Amino acid sequence: MTDATVTPEMRADRLRAGLKRRYAREGRFRLYGLLAIGVAVGFLLLLLGRIIEQGHTAFYTHTITVPVYMDPARVDRAYPQGTNFELLVAEQQLARFGVADDAQGTKATAMRSLFSSELKFAAAARIQSNPNLIGQTVPIAAPVSDDADLFFKHAISRDTPADQRRLTDEQIGWLDRMKDSGAVAAHFNSGLFTKGDSTEPELAGVLGAVVGSALMLLVTAFIAIPLGVGAALYLEEFAPRGRITDLIEVNINNLAAVPSIIYGLLGLALFINWMHLPRASPLVGGLVLALMALPTIIIATRSSLKAVPPSIREAALAMGASKTQTVFHHTLPLAMPGVMTGAIISMAHALGETAPLLLIGMVSFIPGIPHSIGEPTGALPSLVYIWENASERAFHERTAAAILVLLAFMIVMNAAAIFLRRRFERRW
Amino acid sequence: MKFNLFRAPENDAGQKDPLDTPMMGGAVLPAAASGTRDESRPTPTDGQPASTPAMAAPRATHHGGGPVGPTKIAARDVSVFYNGKQALYDVSLDIPDKTVTALIGPSGCGKSTFLRTMNRMNDTIPGAKVTGRIEMDGEDINAKSVDPVLLRARVGMVFQKPNPFPKTIYENVAYGPRIHGLAASKAELDSVVEASLKRAGLWEEVADRLHSPGTGLSGGQQQRLVIARAIAVEPEVILMDEPCSALDPIATAKIEELIDELRERYCIVIVTHSMAQAARVSQRTAFFHLGRLIETGDTEDIFTNPRERRTLDYITGRFG
Chain A
1 MTDATVTPEM RADRLRAGLK RRYAREGRFR LYGLLAIGVA VGFLLLLLGR IIEQGHTAFY
61 THTITVPVYM DPARVDRAYP QGTNFELLVA EQQLARFGVA DDAQGTKATA MRSLFSSELK
121 FAAAARIQSN PNLIGQTVPI AAPVSDDADL FFKHAISRDT PADQRRLTDE QIGWLDRMKD
181 SGAVAAHFNS GLFTKGDSTE PELAGVLGAV VGSALMLLVT AFIAIPLGVG AALYLEEFAP
241 RGRITDLIEV NINNLAAVPS IIYGLLGLAL FINWMHLPRA SPLVGGLVLA LMALPTIIIA
301 TRSSLKAVPP SIREAALAMG ASKTQTVFHH TLPLAMPGVM TGAIISMAHA LGETAPLLLI
361 GMVSFIPGIP HSIGEPTGAL PSLVYIWENA SERAFHERTA AAILVLLAFM IVMNAAAIFL
421 RRRFERRW
Chain B
1 MKFNLFRAPE NDAGQKDPLD TPMMGGAVLP AAASGTRDES RPTPTDGQPA STPAMAAPRA
61 THHGGGPVGP TKIAARDVSV FYNGKQALYD VSLDIPDKTV TALIGPSGCG KSTFLRTMNR
121 MNDTIPGAKV TGRIEMDGED INAKSVDPVL LRARVGMVFQ KPNPFPKTIY ENVAYGPRIH
181 GLAASKAELD SVVEASLKRA GLWEEVADRL HSPGTGLSGG QQQRLVIARA IAVEPEVILM
241 DEPCSALDPI ATAKIEELID ELRERYCIVI VTHSMAQAAR VSQRTAFFHL GRLIETGDTE
301 DIFTNPRERR TLDYITGRFG
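Protein sequence lines correspond, in order, to chains A and B.
Under our numbering, residue 428 is the last one in the first sequence; the count climbs by one each step, no gaps.
Under our numbering, residue 320 is the last one in the second sequence; the count climbs by one each step, no gaps.
No wet-lab data here; the hints were simulated from the structure.
It should be emphasised that the depicted structure is a prediction, and the values quoted were computed from it without experimental measurement.
One or more hints might be untrue.
Unchecked claim - SDA-like mimics (lysine to any residue), calculated; alpha carbons at most 25 angstroms apart, straight line:
#, chain 1, residue 1, chain 2, residue 2
1, A, 306, B, 159
2, A, 306, A, 237
3, B, 85, A, 419
4, A, 306, B, 171
5, B, 186, A, 325
6, A, 306, B, 106
7, B, 167, A, 311
8, B, 167, A, 310
9, B, 129, A, 244
10, A, 195, A, 56
11, A, 323, B, 96
12, A, 306, B, 128
13, A, 306, B, 160
14, B, 167, A, 307
15, B, 167, A, 419
Chain A extracted, bound-state conformation:
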C-alpha cells in the first residue's frame, strides 16, 4: 500500500505543495473579486461621465440684453401683450446692424429666431408695470434661442457647412456682433430648476416633474409603507402558520417579480377607468407605484423582523407583555433599520420607474407645476423619456441634466435611508 510508504518528508512536501495551491486559489479569487469591482466601478463611472459630459452644458445658459425702443405707434398702452415685440426688436436690431430687409421680412425672421419667446413676455411685463416707458428705449434681457445658445456653447460650429447647420452664416455673424458688443452674458440656468416643461428647450425646466415625482412618492410612501409594514408584521408575528399563509407568502414573492408595466395596466384599469381618478395625476401615479412597492416592502420588513433575536421576544413575553406589546415595544423597533432601508430602497426604485407612468398618461406634455395630487403632472423619468424623444437638439443636453437631477434625487433619498438606519440602529 502506498500509504504505508509515506515518509514524514513526503508528507511535508505534499502539505507544502497543497498550501501553495491553496494560496494560489485564494489569490485568484481575490483577483476575480477585484476585477468584478473594477468592472462595476468602471461602468458606473462611464455612465456618470457620459451623462455629466452631455448634461453639464444645460446648467448654464445665455441671456441677451437688447435696447428696445418702445415705439408708441406699435405698442398699445391698453394691451401691451398684443404687441409683436419680437418683430419690433428684430427690426430695430437689423437697423442697428445696418442690414436692409427684403419685402418678405426674411432677415427679420432670421433675427427673430435668435431670441426666445421670453423676450416678448419680458417686454410686455415691463410696459404693464410701467406704461410710461412707451416712447423710451428700455434694455430688455431675455434668454437667447436654443440654437443661439448652442452656438455660444460651441455645440453648433461655424466650421460645419452652412447647409448642414441650423444657423446661417449671417445669423452667426449677428451673434458674433452681439457677443462682441457685450450684450450676451452666460449665467447659471436657474430656469432649469424653476420652470415647468416647455416646448422650447431654452424655457424648459424640471420643476414640474420634480414636484410631480415628489408628490407621487409622498402618496406611495403614505400608502405602501404602513400597508406593507402592517402586512409583514401580521404575516410574521401573528398569522398562524399554515397553507394559506404559505400561499400568501409565495404570492407576495411572485408579485415582487411582476413587470412594472403590468402594474401600469392595472392602474389604468382600476384607478382611471373604474374609479375615475384624474388621469396623469400624482394620486394615480402614487397608487400604482404603491402597488408596485408593496411586495418589496413586505419582503424587506419580514426579513428584518426575522433577524430580531428570538431571545428578545421571549424576554418580553416572559415579562407578561402581550403579543402586540412585544411586537411594538421590541420587535418592530429592533427591525426598524431594516424596515427603513427596505422602504426607502423601494421608494427609490419607484422614483425611477417609467413604464407604469406611460400607461397612466404621464408622458403627455404638461407645462404646469402641480399644486395638488389631483392635478395632471409629469414625473422625472417620464420627462427624461419625453425630452429624449424631442427633436430639438438643445433638449438632448437637458435630458442628461434631467437624469442628473433624478440621480441627485435618488442620492438624497439613499442618504436619508442611511441616516435613518443609523438613527434607529441599536445593538443587542
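Fit chain B to the known structure of chain A by using the hints.
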C-alpha cells in the same frame, strides 16, 4: 403573607458566600465529585470553582427531610408534545414556596420544557401542546379564565443567555411595571427600579449609569439586570433556565448568592446542568431523564442517598 413559613434562619447563616464553602451535598459520595467535573465539561463557562468537587464538606444547609414551604405549584400528569412528538411524559411534581427547586438531568431530558409549562411559554411555540394539570395556589393555570399575560406577571422567567432589552438599564427594569401599569407616578417607578436593582445586587454597580444601555453591561451584570427586571413586577415564582451557563465562575457565584437571597421572598425553580450548582443553591431537586421525572426529593437526599439507580448514575457521572 407566608413569611412565617420561612426556612430556619440557620440556612442564611451558612450561605453568605457560595465560594468559600463548597456545598456539595453528598459527602458520602466521592464519585459525585467526578460526575461534577464531567458535567462541567460541555459548558466550560459554567464555572464551578475547581476545588469544589474535590471538597466534600457537608453543609448544614441542606438538612434532609421536612417540607420546605407550602406547595406553590402542583403539576399533575403534565405531558408536552411538540408537533405530536412527546417531549415530557406525565410529570407530577410539587414545587414548594420560598424554596429553590432544582431541575437536573441530561440534555434533552425535558427539564426546560417542564419549566416552560409553568408560565405557559410553551403557548408561544407553534405546534406545542400541554396536557395534564398545573395548579398554582390551587388554581389551574391552563384554565381558560387564566390570562397567560397575567400569569407571566406572577411567574417571572430568567433565560440561559442574558437577554436584556436593547434599552437603558432603567428602561429594562421599568418595562414590566410600566406595561402592567403598576407604578402610578415617575417617583414610584424610580423607587421600584431602585428597589429591584438593589434586590438583584446590581444597584451599587449601575446607580451612576442607569441611563446607559443595558447591553453594555458584562454577562453576569446583564443576568442580574434580567433578574431585576423579572422581580420588578413582584412575581410570586421565578423560573430560571440555566441562568449561569453563559457566565464565568465569579459571575456565577454572584448569581447563586442572589438566588439564595431571593429565596426568602419567591418560589424559585432553576434548571441547571451543573450538579454542583444544584447542590449549592437548591433545597429540593428533581431529576429528569428522557422526558420523565425519575426522582424528586430534598437536595441532600438526592445527592447522598438517591433511591433510583439512574439518579445515582447521573450524579456520579456515569452518563449525561
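Consistency of the hints with the structure:
For the hint pairing residue 306/A with residue 159/B, the CA-to-CA distance comes to about 20 angstroms; that is within 25 angstroms, so the pair holds. Taken as a hint, the residue 306/A and residue 237/A pair is honoured in the structure, with Cα atoms around 9 angstroms apart against an allowance of 25 angstroms. Of the pairs offered as hints, the one joining residue 85/B and residue 419/A is violated, with about 48 angstroms between alpha carbons and a cut-off of 25 angstroms exceeded. Of the supplied pair hints, the one linking residue 306/A and residue 171/B holds, its CA atoms being roughly 24 angstroms apart against a limit of 25 angstroms.
Distance restraint check for residue 186/B and residue 325/A: the Cα-Cα separation of roughly 21 angstroms lies within the 25 angstroms cut-off, and the hinted pair is therefore satisfied. Note on residue 306/A and residue 106/B: the hinted pairing is violated, with a Cα-Cα distance of about 31 angstroms set against a maximum of 25 angstroms. Of the supplied pair hints, the one linking residue 167/B and residue 311/A holds, its CA atoms being roughly 14 angstroms apart against a limit of 25 angstroms. Simply put, residue 167/B and residue 310/A have alpha-carbon atoms about 16 angstroms apart, close enough for the 25 angstroms limit, and the pair holds.
Among the hinted pairs, residue 129/B with residue 244/A is consistent with the structure: their alpha-carbon atoms are about 22 angstroms apart, no more than 25 angstroms. Under the criterion of a C-alpha separation no larger than 25 angstroms, the hint pairing residue 195/A with residue 56/A is consistent with the structure, at around 18 angstroms. A threshold of 25 angstroms between alpha carbons decides the hint, and for residue 323/A with residue 96/B the separation of about 30 angstroms lies outside it, so the pair is violated. Distance check on the hinted pair: residue 306/A and residue 128/B sit about 20 angstroms apart at the alpha-carbon level, within 25 angstroms; holds.
The suggested pairing of residue 306/A with residue 160/B holds, with an alpha-carbon distance near 21 angstroms, which does not exceed 25 angstroms. As the CA atoms of residue 167/B and residue 307/A are separated by approximately 18 angstroms, the hinted pair is consistent with the 25 angstroms bound. In summary, the hint linking residue 167/B to residue 419/A is supported, as the alpha carbons are separated by about 20 angstroms, within the 25 angstroms threshold.
Comparing the model with each earlier hint shows violations of hints 3, 6, 11; every other hint is respected.
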